[in-house]
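The lines below spell out each chain.
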Amino acid sequence: MYVAVKGGERAIENAHGLLAEDRRGDTEVPELTPDQIREQMKLAVDRVMTEGSLYDRELAALALKQARGDQIEAIFLLRAYRTTLPRFAASRPVDTGAMVVERRVSATFKDLPGGQILGPTFDYTHRLIDHDLAAPHRPRPCAEAAPVDEAMPRVLDLLACEGLIEPADPADPAAPDPPDASGAADREDGQPADITREPPRFPAGRDARLQTLARGDEGFLLALAYSSQRGYGRTHPFAGEIRLGTVPVCIAPEELGFEIEIGEIELTECQMVNQFTGGADRAPCFTRGYGLAFGHGERKAMSMALVDRSLRADAFEETRDAPVQDEEFVLSHCDNVQATGFVEHLKLPHYVDFQSELELLRRLRREHDARNGPDDKAEAAE
Amino acid sequence: MTTPSSTNAGSPTGEDAPRKQWMAVLAKAPAKRVEALATAYLEGVADAVAPRFRVLRRPETGLVMVRGRAGGTGDPFNMGEMTVTRCTVVLERDGAAAVAGHAYIAGRDRAHATLAAKLDALLQTDGHHGPLMAALVEPLAREAEERRAARRRRVGATKVDFFTLVRGED
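As you go down the protein sequences, you meet chains G and F in turn. Residue numbering for the first sequence follows full-length UniProt numbering, beginning at 1 and increasing consecutively. Residue numbering for the second sequence follows full-length UniProt numbering, beginning at 1 and increasing consecutively.
There could be a bad hint or two in this list.
In silico contact screen, one side only, chain F against chain G (beta carbon under 10 angstroms); selected entries [as the list claims (entries may be wrong)]:
(1) K20
(2) V25
(3) L63
(4) M79
(5) V84
(6) D161
It is worth saying that the hints were derived from the structure and are not from the lab. Virtual Cβ for every residue (Gly too), placed ideally from N, Cα, C.
Okay, chain G solo, but in the shape it has when bound:
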C-alpha cells in the first residue's frame, strides 16, 4: 500500500518562524553577536571547531548562535558547511614542538626545562559560582613576569633520550614490533588515510584512528577513557605533557613552488605516558597515547590520548577484552553527527513502517487467540 505523505509545508515554515523568535528570546535583552560568542564563549567555540573538524572561529561562533547553543547542532552546521568548499591543499604536519606555549604542564616531572606554565586554567579554582560575573565586570590587570620561553622541549623527549619510552617514530628500530596497523607508509599514494574521503576499514591504521578520534564526540571519548581508568582495559596512564598554544600552518601551493605560512592556529596537545611494554628481546619501556584538539580542549585531548593508547592493544600484544580496546566499536560510534543523525531520525514520520508492524502484531495475536481460546484475562477482570 502506497501512502502519499504530503502537507505540513505551512506548519514547517511556521515552526521555523517560531524557532527564530525563540532563538532571539526576550527582545528587551540585547541580542548576542557572533563576536561576543567568539570572544566570551571560547571553549564552546573551540569544541565546535574540533568536532566540526573545521578551524574557523567566526563560523563556529555563528553556528553556535544559530543552534541556540546546542553544540552538536552547531557541529553539524560546520560539517555541512565544509562539504561546500573545495580543498586547496594539505598542510605540512604542524610542529607542536615549536608551539608558542600558553600553557604547559606535566604530571610526571616537577622540574623540567621551560617549567610548569599554568596559563589560563580552571585548575585550582574552587568551582564556586562567582556572582560578580552577573554584573558587567572588568577583570583586574594580569600580572607580568619574565616572558615564557620561546619554545619548550617536549617532556617525553626526556624519557626518549634514555630509551625509557617507545619512540614516536615507527621507523625507529626501537618502535613496537608488530607496529601499529598500516599508516601512510603502507599506502600507494604515501599520504595519510583520510576518513572524509574513504570508507572506513578495519583494522584501521593509527592515522585513520587519530583522525576519527580528533573529530570524535568529547563525551563519548571521555566516558571510554574513564572506563579504561576504572579497569576496563587498564593502561596505567600519566599525563606526561599537556600543552596549549599556537603553531603556524604551512602549505606549498603548486603555483608558488615553495612553502608559505597561511596563518596560525591554536592547538591543545596531550602526550600520555602509559605502562610498560617489552619482551625477551626488548628492554621494557613506557608506551604512548596521543591527543590533539583545535583551540583549548584539554579534556578532549586527554580522553583522545587515553583512547588512542587503548586502541594500540595489538602493537603491545595486549588482550582486547574491554570496550575501549574494540576499534570497530569505538571508531564506528564516536562521531556525534553520525550518531545524532541515526538516533534523531527516529522522530521523523515512520507511519508506514509502523502500520506494517501493527498489522503483524494484530495477526500474531489473532493466531495466539485461535490457539489458546478467547482472552481469559478479560474474563478474570470481570
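Go by the hints and put chain F onto chain G.
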C-alpha cells in the same frame, strides 16, 4: 606584458626566504591593519605611477587539511580542516614584465586575500619593495612581535615556582 612572470617556480629556498617572510606577515596580520597601512602607502604614490592590477584568480575560499603527527613527531595524520582564502593578481607594468602576486590567508576574508596578493606583487618590484617593507611589512612584523612579547610576559607570570617556600625559610 600580459604573461605574468613565473620566476618563483622551483627557485631554491634561500632565494624565496624574503618573500616567504612578507607573505607570512601579511597572512598573520589583522586585516584592518594591513588595509590601513596599505591605504596610507598607496595614497602617497603619485597618480602617474599608481599600480594597475588585473585579477587573475578571484578571491576564493576553500579548505586546507591540517596535518599533525602521532606522538608529535611520528607518522602524519589528518587532523581536521581550516578555512583559507586565496587570490592571484597581476601587476601590469609599462615596459617591464607583469608580476604575479599570490595570497593564501587563513579564514574567509576576501578583501584581506585580495589586498595581500596585490602587496605581494608590489613587494616583488624594485620600485616598491624597499618603501613598502618599511611602511608596511616591518611595522606589521613589529606589532606582531610586541603582541607576542606582551602575551609571553603574562603567561610567564603563571609559571610555577616550586622553590618559593624554601626561599622564604632562608
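Taking the hints in turn, this is what the structure says about them:
1. The closest approach between the C-beta of K20(F) and any C-beta of chain G is roughly 6 angstroms, which is under the 10 angstroms cut-off, so the hint is satisfied.
2. Interface restraint check for V25(F): the shortest CB-CB distance to chain G comes to about 9 angstroms, inside 10 angstroms, so the restraint holds.
3. With 10 angstroms as the threshold, the beta carbon of L63(F) comes within range of chain G, its nearest partner Cβ sitting at about 5 angstroms, so the hint holds.
4. Using the Cβ-Cβ criterion of 10 angstroms, the hint placing M79(F) at the interface with chain G is satisfied: the shortest such distance is roughly 5 angstroms.
5. For V84(F), the interface hint holds, since its Cβ comes within 10 angstroms of a Cβ in chain G; the closest pair sits about 5 angstroms apart.
6. Annotation: D161(F) was flagged as interfacial toward chain G, and the flag holds, the nearest CB pair being 8 angstroms apart, inside 10 angstroms.
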